[in-house]
Amino acid sequence: MVTSELKKAMFHGMLRLRRVEERIAILYREQQMRCPTHLYIGQEAVAVGACAALRKTDYLFGTYRGHGIYLAQGGNLNSMMAELYGKKTGSTRGKGGSMQLIAPEVGLLCTSALVGGTIPMSVGAALSAQLRKTDQVSMVVFGDGGTEEGVFHESLNFSALKHLPVIFICENNFYAVYTPFSKRQGVDNINDRAKVYGMPGVRVDGNSVMEVHGAVAEAVDRARRGGGPSLIECRTYRWLEHVGPNDDPYRPDTELKQWKSRCPLAQFQKLLLDERLLTESDISRMISGIDREIEESVRFAKESPFPGPEELAVGVYAS
Amino acid sequence: MRIRTYCQAINEALHEAMARDDKTFIMGEGVDDPKVIFGSTAGLQEKFGVERVFDIPLSENGMTGVLMGAALAGMRPIMTHQRIDFTMYAMDQIVNHAAKRCFASGGVQSVPMTIRAIVGRGWGQGPQHSQSLQSLFAHIPGLKVVMPATAYDAKGLLIASIFDNNPVLFIEYRRLYEETGDVPEGYYTVPLGKGIVRSEGRDVTVVAISYMAPETLKILPALASAGIRVEVIDPRTLKPLDETLILDSVRKTGRLVVVDTAWRTCGMAAEISALAAERCFPSLKAPIRRVTLPDIPTPTTQALEKIYYPGPLDIARAVCEVMGMDGPAIDKVSEHIRLDAPAPAAAPQFVGPF
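First to last, the sequence lines map onto chains A and B.
Oh and the first sequence: position 187 is 187 in my numbering, straight run, nothing missing.
Oh and the second sequence: position 350 is 350 in my numbering, straight run, nothing missing.
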């Protein structure tokens, strides 16, 4: 049962993601955020729905399109914005950039610029929970391209073998950069891959935060109770180009139009208005609060110092 | 003296580390099979249980990611490969991910994990079972690379590697497994990044890596009888390299021979030669010489294997050459070595298959 409070919180989370990314898209054109940045607009329901099922003491892993899970799991907005500007106050002191955001304080241990790279790490974190006999779970979010990497299959096999508490979330947005899914996989059955390794696999509408959350919450609960791993395919769509702030001119217009008509945020907003959980003025208040927070983070980022030359060699090795 | 083999020393190190810290665990293909990694993981599962010592699927890259994820979540895991060649499957996780994590996290995270990898040699191990790949890893910032040459160091360095907070490639040389030496009981460490002078001398510095260190020690009597006093340095850790130890020695002797178990091009021997050329060129009295494998994959047949690997004679020849000795003098040293240390073409402990 999803409480009204959680619904409102998830709506706020999605709205916040949308506005953060829209603001970044505008600021990116100033050429001051000098790192590859993969915006999340259109996919908000996945990160918000999934992370709402996690605790801050759980483990989370993701990809270079990581702003969504970073913020949804509770990563600090100022640190993220400063990271995009390459500042010393960034989440990784300017060393990792947008593609390598982390927030270990809320469980986000690694995101990676390399496709599939964090999938087996999530299994390792789950293994650590099993060895230490805690009830933590480990979640990893990856794209449809990630399922083409060997480590995806290796990770499913090993986590099923050991009944590890992992939730594999495939955020299927149907493109790897400019290459459509149909040119890369012969069968449209990502969720079915779970079966052959002996774990539950479901497909959900990745633009429905309620569906995503429902499926993930069930998988998290199962994992926490020792029921092993699950795979959830969330079908969604990114609105902008693979990287950067621009529209993607290489995909069919009709496709984007169709997905935009099923905007995850607008759909959820309508649902909450219909259920009378929110009013238009609630939403306006949320927007102004979020926008204030964003402007504060931009100011913080722009005013923060760059790392000095003495920072170059810091952190190559741990002491 | 407590004499143990190199293999027993590794096994003792694993026992010590596992007993000392319950965050350690061991995984690898065959770690609990009947052969227990040539004996090196013997008794561990019996003592520490199947949860902490376990076999894995043949998924080297994925399982290295598992290792890393566990390390990020606070564990101190150990992975074992029967052949270093298998680590090539895992280069993405080792190079792209584990090596970068501390740096890319702004120094916040660490990845305390140890990857044991064994370099095969002999009994026709051939092109895919006997590569000596240390320089690939030593090239990568964020990795540490360790190559013990003695039983004492194998134990102390492995314990130090496991308790180091970085990803460490711990590279063992299969042919050293039966070598014996003094191995103290209990817990002790040999610090990473510190080489050792195996033999003092003032005429030539020989930096000899892994198995090449004992190979070099074999030629010292013959060279001494020719009046050449060789300083043998075993770097023990290749990354970080004990540059000071090497440079101080070269400044003293003015001559350098570097002996590696690996190929020539872009190898550690090239790196150490460049180090000396850059940092103490004025001290050099002769050109630096490298003794390495030729840039050729390992042949399988014993007929070619025995001419493929450089041995004591090749090292002695290089030493004599940097000393400016002429042909007859070198031949005399070589003859002495042939009598002292016959070529170990068929080491008796190697009975196939293995």
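Warning: the hint list may mix true and false statements.
Within a straight-line C-alpha distance of at most 27 Å, the following computed DSS-like cross-link-like pairs (lysine-lysine) qualify [unchecked claim]:
1) A:162 / B:306
2) A:183 / A:7
3) A:56 / A:133
4) A:183 / A:257
5) B:252 / A:162
6) A:162 / A:183
7) A:8 / A:183
8) B:285 / B:252
9) A:133 / B:47
10) A:162 / B:218
11) B:35 / B:47
12) B:252 / B:306
13) B:23 / A:133
14) B:306 / B:285
15) B:23 / B:35
16) A:8 / A:56
17) B:285 / A:56
18) B:218 / B:194
Please keep in mind that the hints were generated in silico from the structure rather than gathered at the bench.
Hints and how they fare:
no.: 1; hint: A:162 / B:306; result: violated, 45 Å
no.: 2; hint: A:183 / A:7; result: violated, 37 Å
no.: 3; hint: A:56 / A:133; result: holds, 17 Å
no.: 4; hint: A:183 / A:257; result: holds, 22 Å
no.: 5; hint: B:252 / A:162; result: violated, 57 Å
no.: 6; hint: A:162 / A:183; result: violated, 34 Å
no.: 7; hint: A:8 / A:183; result: violated, 39 Å
no.: 8; hint: B:285 / B:252; result: holds, 11 Å
no.: 9; hint: A:133 / B:47; result: holds, 19 Å
no.: 10; hint: A:162 / B:218; result: violated, 49 Å
no.: 11; hint: B:35 / B:47; result: holds, 17 Å
no.: 12; hint: B:252 / B:306; result: violated, 35 Å
no.: 13; hint: B:23 / A:133; result: holds, 12 Å
no.: 14; hint: B:306 / B:285; result: violated, 33 Å
no.: 15; hint: B:23 / B:35; result: holds, 25 Å
no.: 16; hint: A:8 / A:56; result: holds, 19 Å
no.: 17; hint: B:285 / A:56; result: violated, 63 Å
no.: 18; hint: B:218 / B:194; result: holds, 23 Å
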